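> Chains as they are written, first to last, in the working numbering: chain H, 1 to 407; chain D, 1 to 242.
Please keep in mind that the hints were generated in silico from the structure rather than gathered at the bench.
Check each hint, because a few of them may be wrong.
Said to hold, decoys possible - Derived BS3-like pairs (lysine-lysine); straight-line CA-CA distance at most 27 Å:
#	chain 1	residue 1	chain 2	residue 2
1	H	K324	D	K187
2	D	K61	D	K12
3	D	K19	D	K61
4	D	K84	H	K324
5	H	K195	H	K324
6	H	K324	D	K12
7	D	K84	D	K187
8	H	K2	D	K84
9	D	K12	H	K393
Computed from a prediction, not measured in an experiment: that's the story for all the values here.
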Amino acid sequence: MKFLDLLQEAYSAISMNKVRSGLTILGIIVGISSVVAMISIGQGTQREIQARIEGIGSNLIVVLPGFQIGPGSQVRSSRGSAQTLTLKDADAIQKQVPYIKAVAPEVLVRYQVTTKGANTNTLVVGITPSYSVVRNIKVEIGSFISSRHLRNLSKVAVLGPTTRDDLFGENVNPIGRKIRINKISFTVIGVTQPKGGTGFINQDDRIFIPLTTAQHFLIGDDYLTTINIQVQEPEYVASVQQYITDLLLARHNILDFQTADFFVMSQSDILKTATSITSTLTVFLAAVAGISLIVGGIGIMNMMLTTVTERTREIGLRKAIGAKNREIALQFLTEAVMLTLIGGIIGIVLGWLGSLLITKFTGISTKISMFSVLLAFGVSAAIGIGFGYYPAKRAASLNPIEALRYE
Amino acid sequence: MIQLQNVSKIYKNGTVETKALNNISLSIKEGEFVAIMGPSGSGKSTLMHILGCLDTPTEGKYFLDNQDVSRLSSDELADIRKNKIGFVFQSFNLLPRTTVLRNVMLPLIYAGVPREEREERARRALIDAGLEESCFNHLSNQLSGGQMQRVAIARALVNNPSLILADEPTGNLDTKTSERVLETFQKLNIKQRKTIVLVTHERYIAEYANRIVHIIDGSIVEDNQNHQQRFINNSQKESLTL
């Protein structure tokens, strides 16, 4: 029996009972389209987070303080809480580590910030001018923190667009206006460009002030929250990471890397962590949708079993005119696979449309990849074979004499 | 062409053994039109199943075209059925809601006949079976009983088998259409020298054959090769034998 004949026989059998075939296909459509839509949400989120992390800057390495461990205690508090990094460490990195483009130390504190008639709670970031290069920040109006501000301990502030909206209202030019951070008055000298809307960390809700001002007037010590380092070329990132580790271990008089009081992370490390989280999310979403696919598969099996019973005489006849068991099995298997593939193709299209609608109405970013389409296609074929196998085998094993007599 | 040597068929149902065929020997030559006649339960259906390679004998040997087919596997039997045997059933067994032509072309699909040849061969078989050409594209369920049986005969003919087996082919038809179907068998037998084995329980039907094998309780009780063959009418007899 030729392949084309097999397809034609299967097609005419399926179209013989259009309502039943249609309902069975519908089960597969629901399953496949929800799998496709769910994977698109997972992958869209992954892509967005990736873009966000890459948007922080390029060839970036960050140094964070280690765990804080109390004297005589084994209890660790959260990462980055220790006070181990200083401006001198940042200077040493700048001077001694090769292939570095810029070093930007920062301190990060959360404060209540007020203006006349409005207030907000936001992150105040003490920075140096190189921060704008390393973290890829551009000023929309006004100017950024300069080295003169740093030397003079100027009480000036550059606002993120969200903070500007919160304090002064949307699209207001706040240059020259006063804000109070921890009861100390600062003059607004600029507003940064937006870095991107939603997400779990809003990078636009920030206030930038000179690092020296922050340390002197607000915090009162010399420690840093982060040292940001931009490497010249991506291929140097790994070796620079090693240089910095060695340098800081030496500076902090630590012999064993395991007990280091700081972390050196590259952008790709952060990316890896984020990717593993979003991959888990994708798998979880797909698994939930996969359950409906299994239900669809059971529908296929149910229909095929009914069909085999209904067409017992036909099977008997086909055997009488010379069809081999294998040919009978193949015919019913082809019918099952054809049903699931039709369902699969429609499901892929609907899932794709569905993901577009999800993006349009909820703003969740989605992405249909070739991978998810091929996966959906493969899974629907596999379901056809998996759930069609038993009914096909049953059809093939019928005794032709009894099948011909079947009423 | 057909040789059965001491064929027995025993069915086992738990501990109960039923002997459906008891030591049957029979030979049928090419071009014969044989009626196997007997009451229900006589074993004539079992005999037909063995002749049609749907079943194998428990004991004895069956030679079809000098080939021993009594101990073949189910796939090998399927090949024999495909190439050498055409079946006509009492209840026609046409594919429902399928055109006449597609029904007749069905055996050609399994025989691997090229697509271009199939329709031509199906048309020829349908003309030989005596179906009007206007019906060729009708759906099988739009036909009358007589027409359906003609389609079934065409389907049995289309592979050019050496043996046509008809199991109570007139059982679901009225007398008038029965006669026309039997006439068709006679034509095929006389004009195309087809070997036909017809299974029936009615002597009246059996008399259209040129040899009657009478079977009771699994044994042949009579094998009459010289009886007066019945024809629909004498003018037809002349037109057939000419």
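> Hints first: check each against the structure and report whether it holds.
Right, here's what the structure says about each hint:
With a C-alpha separation of about 32 Å, the suggested pairing of K324/H with K187/D is violated against the 27 Å cut-off. As the CA atoms of K61/D and K12/D are separated by approximately 20 Å, the hinted pair is consistent with the 27 Å bound. This hinted pair checks out: K19/D and K61/D have alpha carbons roughly 16 Å apart, not beyond 27 Å. At most 27 Å may separate the alpha-carbon atoms for a hinted pair to count; K84/D and K324/H meet this at roughly 15 Å.
At roughly 67 Å between alpha-carbon atoms, K195/H and K324/H are farther apart than 27 Å, so this suggested pair is violated. Distance hint between K324/H and K12/D is fulfilled; the C-alpha atoms sit about 26 Å from each other, no more than 27 Å. For the suggested pair K84/D and K187/D, the alpha carbons sit about 20 Å apart, so the restraint of at most 27 Å is met. Straight-line distance between C-alpha atoms of K2/H and K84/D comes to about 21 Å, which keeps the hinted pair within the 27 Å bound.
As the CA atoms of K12/D and K393/H are separated by approximately 25 Å, the hinted pair is consistent with the 27 Å bound.
Checked against the numbered hints above, the structure breaks hints 1, 5 and satisfies the rest.
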